[in-house]
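Using the hints, position chain B against chain L.
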Amino acid sequence: MRPARMSKIRAVILDEKVDAVVRQLHKSGLVELYDLTTKLEDAEWKTIVKSSSSAEYGRNVASHMIKVNKTLDLFSNVADQEKVTLGTMLNPVLPTKKNVTFESAEEALNYVENIVNSVESEVSEPAARLSELESKETALENLKENVSYLTDFDYDIKDLGMGEYTYVTAGILNKAVFSEFEADLDQLTEGCISIAAGKTFIDEDGKTEKLPVVIAMLKDYAEVAGAELRKHGFDRFDINAEGTPSNVLNNTVSELNSVKGEIKSTVDKLKALGKKWNDELLVTYEILENEKDRAESYSSMGMTERTYLIEAWAPKFDVNKAKEIIESASEGYAVVEIDEPDVDESEIPVKLNNSKFFKPFEMLTEMYSMPKYNEIDPTVLLLPTFILFYGIMLTDAFYGVLLTIAGLILQHRIGKVSEGAYNLGYILKLSGIVTIVAGILTGSYLGDFALQFLGFDIFQTALALVNPLGGSVYISEASPLFEFFGVSINNGPIAILLFSIILGIAHLFVGMFLGFKDTLKNVGFLDAFLNQGMWMLLILAIIFTSLTGNGMVTVGVLIPVMLLSMYKGFKNGGVLDAMLGALDITGFLGNVLSYARLLALCLSTGGLAMAVNIMAGLLDKSVPVVGVILAVLMLIGGHAFNFSMNGLGSFIHSLRLHYVEFFGQFYEGGGKKFIPFKAKKEYTE
Amino acid sequence: MVFENPLLLGAIGAGLAVGIAGLGSGIGAGITGASGAGVLAEDPKQFSKVIVFQALPQTQGLYGFLVAILILFVFKTAPEWAMLAAGASVGLAGLSAIGQGIAAAAGLGAVSEDASIFGRAMVFSVLPETQAIYGLLVSILLLVQVFTGPGAETIAAIGAGLGVGFAGLSGIGQGITAAGAIGATARDTSVMGRGLVLAVMSETFAIFGLLIAILIMLGIMF
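Respectively, the protein sequence lines represent chains L and B.
Mapping of the first sequence onto our numbering: position 511 corresponds to residue 511, and the numbering continues sequentially without gaps.
Mapping of the second sequence onto our numbering: position 14 corresponds to residue 699, and the numbering continues sequentially without gaps.
The following block holds chain L by itself, in its conformation from the complex (with noise of 0.2 angstroms):
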C-alpha cells in the first residue's frame, strides 16, 4: 500500500567505460538519475570531484534533428491528408519498430549521418526547385490578376513605366472617384495627361464598384501626379511583360499551367520520397532523441580527471539488476554502491507499485497528486468504491453496455498507441459492468423503456429489487424494509438514500482509520484523537444509536466531540478558532451528506431516460405518419444524450467523493514523480 521502497546507487566508473554504462542504463530504464549538480558545489566535494557538463557529441545530434525534422515536415507537407474516420481512429496502426543497436554513440551518428546524407542527396534538390516553383507560382498568379483588368486596352506592356518624354503607369481606382480623380489629374497636369478607364468589375468584397485604369503624362508630371494618385486610392501594378495585355494573359495563363504541372510532379517526386524515407526518418529521429537524452545525462553527474561518478535512484526491487548492468557494461571498471535513501524524504522520487489489477487507476491518484514517499498509496483503495459509486451513479443496465463496450474499443483499440486511452478504457470498462448489475438491481433498461413502450411494469414483478422512483415487490408501503429513526423504510428512494449514507460513512470510517493509525505513528496519540479518533467515535456511536434505538450514546459522545473541536481550535489559534472549531461538526455532516449525490444522481439519470421515452411515446401519438420515425430519432438522440451526461457527470462526481470526502481523511500527496532515465522506443527495439 505504499510506494515503492527506493535504493540510491552510487557508482564510480573510468571514463572510458562511461559511455557503455550510460548506453545500457538508458536502454533498461530502470533508475532515475540524480542530479549531483548542487551536492558538489559543497566545498568539501569540491576538492575532489567537479561537476560534468553534457556530452559533446549532444551538439552534433542537435543539428542532425534539426535537419531530419526540416525533412519530417516537407514529407508531411505534401504528404496527402489522410483521412481520419472512425475506421482508422478505432485501429491504429502501429509503427514497425526497427532493430537497430549500437554499442556506443559514434556508431549510432555513423548511421544517422548515412542516412541523412542520402535522403539529402536525393531530397535537397527536388525540395528546393520546389521552392523555387512555388515562388515563380505566386509571381505569376499575381502577374496574371493584374493583366486580366487590362485586357480591354490596345497596347504593349512593355510601354509602362518612365518612357523618354512620357510616364505611363496602370492600376485599379474606385469607381465612386474616377470624376473627381480625372479632373483634379487634368487640372495639376494642365491637361498633359491622357486616362483611359477600363470595364467596370465588382470587387472582391461584392460591394465597390471598381474599374482599371491606364494613366499617360507627360514625364516631367510624373512626381507630383505620383502623389495625387496614393491620394485617391490609385492601386498600381507592378508589370513587367511584353506585349498587348491579352497576349501576355495568354502567355501567362499557359506558362503558369506549365509551372503548376511541374509543381505537381515536383511533389509527386516528393512523395514518392517521402514514402521511401518517411520511416527511416523517424526511427532515425528516435535514434538521435535517445542519445540527445545520454548526452545530456551527463551533465547530472561528478567527474574527476579519469573516472565519472553517477549517481540514481532503483526501486528496490531493481536495484540489483542495475548494479549488475553497471557492472557488465563497464567490464569491471567500476565501483558500485548500494544505499539507503540519505537524503530528505520529500526529495525521493515516488514510484506507485500496484498489481496489474489496480495499475490503471493509478491514473486517477496521479492526477490528484503522487503521494509522499511515505504515505499510503490510496490507488488500491480508491477502485472498488469508484466503480461502486460510478454504478450506482449511472445505474441503467443497458448504458453499462454501452459503457463497457466503449470501455472495451478504447482499453484495446486506441489504447495500443495511447496508455491514457487504455488506463481510460479499463476503468470505464469495470465501471460498466458494476452499472449493469445496479441497472438490473434497480429494474433500469433504458429508464422505463419497457413500461412505456411494451406496457411491461418491471416492479410489478419480482425482476427488479428496488424502484428508484417509488415501490417494487420487494420495498413498497405494504412491505417496509424496517422503520429507521421513525422514519418507515417503504419505498425505492428512502431505500437508496439510507444506503447512501451508510455506504458514506463506512468510506468515511475507511479514510479516518488510515489516517488516524499514519498521525499515530508520525505525531503521537492526542493528535490522532483529535484528528480522526473522535469523529470514529462518534461514527460507532451513531452504528450504536441506529442499531439500538439508544439516542443518548450519540448525543453522549457528540458532546465531548464538539468541546474537544473547540479545545482543538483553542489550541491551533486561540478563542477565535475555538469557535470555528465548534463547527467542525458541521465539516463531518457535510462529508456524510455528500453521499446522498449516489441517490441524487441515480435518479437523475432514471428520471432523465423517463424523460425522453414520454417525448418518444408523444410524438408516436401526435404526429401522423412520421411519427414513428421521429420517436425512434427521439429516443436514440435523447438516450445518447443522457448516456454522455451522466456518464461523464458519474465519472467526476464519483472522482469528487474520493478527492474532497475520502482523501480529506488521511492522504495529502505532493511526492515527486520517478522519472526513469529511459530510451523511447515507439520506432525502434
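Read the hints as simulated data drawn from the structure, not as lab findings.
Mixed in with the good hints, there may be bad ones.
[What the hints assert, rightly or not] With a Cα cut of at most 25 angstroms, we get these calculated DSS-like pairs of lysine-lysine: (1) L/Lys416 to B/Lys730; (2) L/Lys83 to B/Lys761; (3) L/Lys271 to L/Lys260; (4) L/Lys416 to B/Lys734; (5) L/Lys275 to B/Lys734.
Everything numeric in this text was worked out from a predicted model, so none of it was measured.
Frame of chain L, contents of chain B only:
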C-alpha cells in the same frame, strides 16, 4: 385550500423548476461559451473540449426539466404544496449553474493552454453542481412522498424548498473559488488538494440548507 383548484400550485412549481433552472443554466453556459469562443479563435481544434466544458452548467437546466416532467406526472397524487416546493427547490438551486459556468470558463482557459490539466479542471468545475444535486434530491423526495411528516405535505414544504434552493446559490461563490483554484492548480499541480478544501467551504451552506429541508420534511420541529 386557498385556491379553487389546488393543481395550480403544481403548475407553478413545474414552471419555476424549468424556468429558474433554465435561467441559471443559460447564464452559466453563456459564461463558459464566451470563454470557449476566445479559445476557439486561437485554436479551432479545441472545439470538443469547449463543448464538454460548456455541457457542465447545462445539467442544472436538465434537472429542472426533469422535475417539471415529474410534477406533471404526479399532478393528481402529490400534495400540491410539495409540487410548488419541489419546483422552487430545483429551480433556485439550479442558479448554481452560474457559479459552475464561471469555474468551467476558468477550467477551459487552463486546459486550452495545458491539456494535461483536463481531469483536474473537470473536477473543480463540477464542484458547484453539488448544490443543484441537493435541490434535485429534495425535489424528488418531496414528489415521491418519501417523507410523510406534516412538513412535507403542507405549506411548510415551501420552507424546505426555499431552504435548499437559496442555500444552493452558494454554488456561485463556490464557482468563483473553484475558478481561482483552477488557476492556482494550473501553475502548480501540487496545490490541488488545498484548492479543493477552499472551494468546498462554500458547500457548508448548501449542506445547512439540505439539513433543514430534511428536518422540515420529516416534520421535526424542536
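Against the structure, the hints come out as follows:
A C-alpha spacing of about 23 angstroms is found between lysine 416 of chain L and lysine 730 of chain B, which places the hinted pair at or below 25 angstroms, so the restraint holds. Between lysine 83 of chain L and lysine 761 of chain B, the direct Cα distance comes to roughly 56 angstroms. Violation of the 25 angstroms bound is thereby established for this hinted pair. This hinted pair checks out: lysine 271 of chain L and lysine 260 of chain L have alpha carbons roughly 16 angstroms apart, not beyond 25 angstroms. Using a Cα cut-off of 25 angstroms, the hinted pair lysine 416 of chain L and lysine 734 of chain B holds, with the two alpha carbons roughly 23 angstroms apart.
Between the alpha carbons of lysine 275 of chain L and lysine 734 of chain B the distance comes to roughly 34 angstroms, so the proposed pair goes past 25 angstroms and is violated.
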